[in-house]
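All chains, full assembly: derive it from the sequences and hints.
These protein sequences, in sequence, are chains H and S. First residue of the first sequence: 1, per full-length UniProt numbering; consecutive thereafter. First residue of the second sequence: 1, per full-length UniProt numbering; consecutive thereafter.
Read the hints as simulated data drawn from the structure, not as lab findings. Since this is a predicted model, take the numbers as computed values, not measurements. Note that the Cβ used here is the ideal one computed from N, Cα and C, for glycine as well. Treat the hints loosely; a few may be bogus.
[Unchecked claim] Just a few of them, taken from the derived set where beta-carbon distance is under 10 Å, the chain H residues facing chain S: (1) Y28; (2) H36; (3) D107.
[Stated by the list, open to error] Which chain H residues stay away from chain S? Per the calculated CB distances, all over 12 Å, these: (4) V70; (5) P205; (6) E211.
[Claimed, not checked] Okay, the calculated beta carbon distance ranges per label pair: (7) H:T136 / S:E107: 38 to 44 Å; (8) S:S130 / H:V61: 47 to 53 Å; (9) H:L252 / S:G119: 43 to 49 Å; (10) H:V150 / S:S66: 49 to 55 Å; (11) H:L24 / S:S66: 19 to 25 Å; (12) S:R10 / H:P45: 42 to 48 Å; (13) H:A238 / S:E107: 54 to 60 Å; (14) S:I14 / H:R104: 19 to 25 Å; (15) S:G55 / H:T136: 52 to 58 Å; (16) S:R10 / H:R104: 20 to 26 Å; (17) H:R104 / S:D246: 53 to 59 Å; (18) S:I14 / H:L60: 55 to 61 Å; (19) H:R264 / S:G158: 27 to 33 Å.
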Amino acid sequence: MLLDSAPRDSTRPAGAPARTSRLLDAAYRIGALARHNATLRLRDPGQMISYIVMPMVLMLVLKPLYVRAVDGGAAQVATGLMVMFSVFAISLVGNSILSERTWRTWDRLRVSRAPAPELLVGKTLPLFVVMVVQQTVLLVYGCLAIGLPVPPNPVYVLLAIMVWAFALLAIGALLATVVRSHGELSVISDVGALTLSSLGGALVPLSIMPEWAQLAAHVSPGYWALSMMQAAVRGDAAGAVPSALVLLAIGLVAGAFAARRLARGWGRGGPM
Amino acid sequence: MLVATDLVKRYGTIQALDGFSLNVAAGEIVGLVGHNGAGKSTFVEIVSYLIRPDGGHVTIDGRPPSATRGEVGVAPQHIALYPSATVREHLELYGRLAGLRRAALREAVEDMSTMLRLGGIMDRRAGKLSGGQQRRTQAASALVHRPALLLLDEPTAGADLETRQAMLDVVKQRAGEGAAVVYTTHYLPELTELQATIAVARGGRVIARGTCEELLKDLPGEVRVTLADREEVSVSTSEPTVTLIDLLRRIDRPISAVDVRNPSLDDLYRSLAVHDAP
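Put into structure tokens, the structure is as follows:
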């Protein structure tokens, strides 16, 4: 229902099956959104850079302490700080989504042909890449400069990174749809990140924490991320799978909640 | 093209729409006027499928709004742009989301750039633009895919003359090409220039609809006679000519000026204010 003179897509082959055509259209829209959001993200790289550089510096400074304190100290300091600072990156996701409400642009996207899942995927895809890059850079740095053992199977590590990035993305999206302001998001993501990742053993090894803390660690996504990451670095696929499943479940629940809120225009007067 | 019947929308204790009905034909511009809170923006949001009505029906080209997503051009009342994205990036994003690709996309972006006089600012970021430039960018991104139904919610609010004229020109052009247009505004002379059908909203419903002449015919004009000693005699009347003749016959003092003012859209608006007053 566009005006007759509208310039239309002339690149699609005539007679293409409708379903394939719909999928291609959806992929094109997601691509357009991802490209747009990647451009915006690259124009404001400060926070991304700090979440990569800060853990690098801390790893270097804290390495001697960890090496003396626990067996496998190098692995602990590299994976622990990687997990902790990847949790901080939740605020990147949250701010990115929350800004759409601040700028009032989310409603304009909702008026477009892209349904809510496409909007969410297009919005978060660049952030997913950012998180994967952040974690990969930190682990490579860990191997090169901190003494983290080179993983026997890098594919396990990559899969673990992707699972963790997905869970973080979903948690960040959830936070963005429940907070009322950037300030509130900042408080929740910073305090939450520090608390949950510390409780999960990212800062201090669980083995030297009190028994109650070791039990409480199980409620922290950071605990499961650290277990999965350390198992993946060891090349222990069987050890990584349970934690990966927990994180996937957290990600799916949080993501479904966020998608539902976003589809309803979250925070608007009326439901959709 | 657009048929809205008996729409009802309530926000808590506030009745935003209370039996709002409005039809807009292809090629028609309907100027939706009314005071703040009359239900104009709520109506636009329902037709855009941003909110769902509590009652009533809307069809666009015979289909419900859920089936016409992306086929409607919506320029909301508030500026809704990405501060760090350029004007070109905005047009490309919304063009792509509507399915435009490659040469078609480039052509559509250039068209909008020309029509809304964005040529010199296409590569400037939205956050650095003036208010009028932002208005034009917002309208351009709503029109870039050439939708057959345009919902423009106060598109010239706070805009400069250049922006206003560019906006009116492009709306007239699109309507001339067959687009149905709903144009809400508080600047009533714009509707005269657009030769729009006028729908008056009050209390969540459309209380009057017609051409400018039809709506003004029952409103009083004003006859003002200024006497030589600067005293003024002013009469509100629905028959200014007859009243003037009567006044001139009765006044036996020297007259310095006579002013006959026919009712305008502003009078219509003011009469609404009187009706709305508690």
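Status of the hints after comparison with the structure:
1. About 7 Å separates the beta-carbon of Y28 (chain H) from the nearest beta-carbon of chain S, less than 10 Å, and the hint is met.
2. Interface hint status for H36 (chain H): upheld, as the beta-carbon distance to the closest one in chain S is roughly 5 Å, under 10 Å.
3. With its C-beta approaching chain S no nearer than about 6 Å, D107 (chain H) sits inside the 10 Å limit, and its interface hint holds.
4. Against the 12 Å criterion, V70 (chain H) stays outside the reach of chain S, whose nearest CB is about 44 Å from its own CB.
5. The beta carbon of P205 (chain H) is kept farther than 12 Å from every beta carbon of chain S, the shortest such distance being approximately 42 Å.
6. For E211 (chain H), the non-interface assignment is confirmed: its Cβ lies about 50 Å from the closest Cβ of chain S, beyond the 12 Å cut-off.
7. Take T136 (chain H) and E107 (chain S): their Cβ atoms lie about 41 Å apart, and the range 38 to 44 Å holds.
8. A C-beta distance of roughly 49 Å is found between S130 (chain S) and V61 (chain H), which places it inside the suggested range of 47 to 53 Å.
9. For the pair L252 (chain H) and G119 (chain S), the supplied restraint of 43 to 49 Å holds, since their beta-carbon distance comes to about 48 Å.
10. The given range of 49 to 55 Å is respected by V150 (chain H) and S66 (chain S), whose C-beta atoms sit roughly 54 Å from each other.
11. Between L24 (chain H) and S66 (chain S) the C-beta distance comes to about 22 Å, which sits within the given range of 19 to 25 Å.
12. Between R10 (chain S) and P45 (chain H) the C-beta distance comes to about 46 Å, which sits within the given range of 42 to 48 Å.
13. A238 (chain H) and E107 (chain S) have their C-beta atoms about 57 Å apart, which keeps the hinted 54 to 60 Å range intact.
14. A C-beta distance of roughly 21 Å is found between I14 (chain S) and R104 (chain H), which places it inside the suggested range of 19 to 25 Å.
15. G55 (chain S) and T136 (chain H) have their C-beta atoms about 54 Å apart, which keeps the hinted 52 to 58 Å range intact.
16. Between R10 (chain S) and R104 (chain H), the C-beta spacing of about 23 Å keeps the proposed range 20 to 26 Å intact.
17. Against the hinted window of 53 to 59 Å, the Cβ-Cβ separation of R104 (chain H) and D246 (chain S) comes to about 55 Å, which satisfies the hint.
18. At roughly 59 Å, the beta-carbon separation of I14 (chain S) and L60 (chain H) lies within the given 55 to 61 Å, and the hint holds.
19. Hint check: R264 (chain H) to G158 (chain S), Cβ distance near 30 Å, so the stated range 27 to 33 Å holds.
Figure legend: structure checked against the earlier numbered hints; every hint is met.
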